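K.L.:
Sequence:
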Amino acid sequence: MTNIMHEVWKFLDNSPSIQREMSRGLINHSALARYIIEEKKVGANIDAVISAIRRYKVDHYEELFNTANSIICQSAISTKSKLANISIIKDTETQKMLPRLFDVINYNRGDVLRIIQADESIKILVNEKNLEKIKLLFSKDKVIKIDENLGEINMHLHPEAVNTPGIIAVVSNELAMNGINVMETISCVPELLWFVKEEDLLSAYNVFYQLCKRI
168 MTNIMHEVWK FLDNSPSIQR EMSRGLINHS ALARYIIEEK KVGANIDAVI SAIRRYKVDH
228 YEELFNTANS IICQSAISTK SKLANISIIK DTETQKMLPR LFDVINYNRG DVLRIIQADE
288 SIKILVNEKN LEKIKLLFSK DKVIKIDENL GEINMHLHPE AVNTPGIIAV VSNELAMNGI
348 NVMETISCVP ELLWFVKEED LLSAYNVFYQ LCKRI
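Quick note on the numbering used here: the sequence shown kicks off at 168 and runs consecutively.
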């Protein structure tokens, strides 16, 4: 029973939309159990899965959602389009070239420069008009991938956001439920940046608008 419960709870942990509807009493446990058995190929009878579902604690979820949502609604939202994301191999050569990015970027003209560093790669997000200039700074064999036609949604968060769990989860869940794929996210308090395909930018902005209408 312990393994079954662990598997069911893991599925529910990764399904915030189901958690929310469970907390509101809108989920039929038998129907959900059948879905989990079919979706996750759980080797257990339906009664065991229903028992695991009933033991899953979701009482806090609606309160968590509403609190996070209220903070989201106090955020200022702005958008940018025509952006590109360049993935570069992280090594000594790349490190030496990074300062030269600032020779290309003109902040006074409103140029965009976002840099994300991980263990193996560095991602550089810039306006598409500067893409060719940026590419010239790095050897072709250092470029892993380039994604163009991206849009950015900038959430300028309320100061209380740093003390409020669930903000990223709420937004991610709503975007996913609307079929919008998030290409990148960057957190730079008090700003939270979401990058999507440019064709999804209007739909993504509408998700934020609909979230605010729920309050």
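These are calculated hints, taken from the structure and not from any lab test. A portion of the hints provided could be inaccurate.
Claimed, not checked - In silico BS3-like links for lysine-lysine, alpha-carbon gap of 25 Å or less:
{"no.": "1", "residue 1": "Lys-249", "residue 2": "Lys-312"}
{"no.": "2", "residue 1": "Lys-307", "residue 2": "Lys-257"}
{"no.": "3", "residue 1": "Lys-208", "residue 2": "Lys-257"}
{"no.": "4", "residue 1": "Lys-249", "residue 2": "Lys-208"}
{"no.": "5", "residue 1": "Lys-364", "residue 2": "Lys-302"}
{"no.": "6", "residue 1": "Lys-249", "residue 2": "Lys-300"}
{"no.": "7", "residue 1": "Lys-207", "residue 2": "Lys-257"}
{"no.": "8", "residue 1": "Lys-257", "residue 2": "Lys-300"}
Please read all numbers here as calculations on a predicted model, not as lab measurements.
K.L.:
For every hint, state whether the structure bears it out.
P.N.:
For each hint, the structure was consulted:
1. As the CA atoms of Lys-249 and Lys-312 are separated by approximately 17 Å, the hinted pair is consistent with the 25 Å bound.
2. Taken as a hint, the Lys-307 and Lys-257 pair is honoured in the structure, with Cα atoms around 13 Å apart against an allowance of 25 Å.
3. With a C-alpha separation of about 40 Å, the suggested pair Lys-208 and Lys-257 falls outside the 25 Å cut-off, and the hint is violated.
4. The straight-line distance between the Cα atoms of Lys-249 and Lys-208 is roughly 43 Å, outside the 25 Å bound, and the hint therefore fails.
5. Using a Cα cut-off of 25 Å, the hinted pair Lys-364 and Lys-302 holds, with the two alpha carbons roughly 21 Å apart.
6. Using a Cα cut-off of 25 Å, the hinted pair Lys-249 and Lys-300 holds, with the two alpha carbons roughly 15 Å apart.
7. As the CA atoms of Lys-207 and Lys-257 are separated by approximately 37 Å, the hinted pair breaks the 25 Å bound.
8. Restraint check for Lys-257 and Lys-300: satisfied, since their Cα atoms lie roughly 19 Å apart, inside the 25 Å limit.
In summary, the structure is inconsistent with hints 3, 4 and 7 from the numbered list given earlier, while agreeing with the others.
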